[in-house]
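**Student:** When you line the sequence shown up against the UniProt record's numbering, it's residues 1 to 88, in that order.
Hints are computed from structural coordinates only; laboratory data are not their basis. Certain hints may be false.
[Stated by the list, open to error] When the alpha-carbon atoms are kept at most 30 Å apart in a straight line, the in silico DSBU-like pairs for lysine-lysine are as follows:
id, residue 1, residue 2
1, 80, 47
2, 42, 24
3, 80, 42
4, 47, 24
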Amino acid sequence: MKSINNEIVMNQIEPYKFQVFRFKRVMFGVNVSPFLLSATIKHHIEKCREQYPAATEMLDTCLYVDDVISGADDISQALKYQRMLIPA
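Given the sequences, and given the hints that come with them, work out the whole structure.
**Tutor:** Here it is in C-alpha cells:
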C-alpha cells in the first residue's frame, strides 16, 4: 500500500494514472468462482442468442451452476433439445 501511494504522489505530471489489468482466464478455487462461472456462461448465452434462440432460452432458464436441468413431454422432443445443445 505504501509503495503504491508513494508512486502516485511521486508522479506529479499524471498523479492519477492507473494501469488496469484484465484476466484472460476465469480463476477457480477462490470465493467468487461461482459468480465468475455464472457470469461467463451468461455472457456466452447472450452472445449466441440470435443464432440459437431456442437453445439459449432453455439454457438461460434451465441451468443451475453448470448443470442443465430440463425435461420434455416425449422422447422426440427430448432428442430435439439434445441436438440443439450438443451438435453432432
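**Student:** So, for every hint listed, does it hold in this structure?
**Tutor:** Verification of the supplied hints:
no.: 1; hint: 80 - 47; verdict: 22 Å, holds
no.: 2; hint: 42 - 24; verdict: 17 Å, holds
no.: 3; hint: 80 - 42; verdict: 22 Å, holds
no.: 4; hint: 47 - 24; verdict: 18 Å, holds
Violation of the numbered hints given earlier is absent; every hint is satisfied by the structure.
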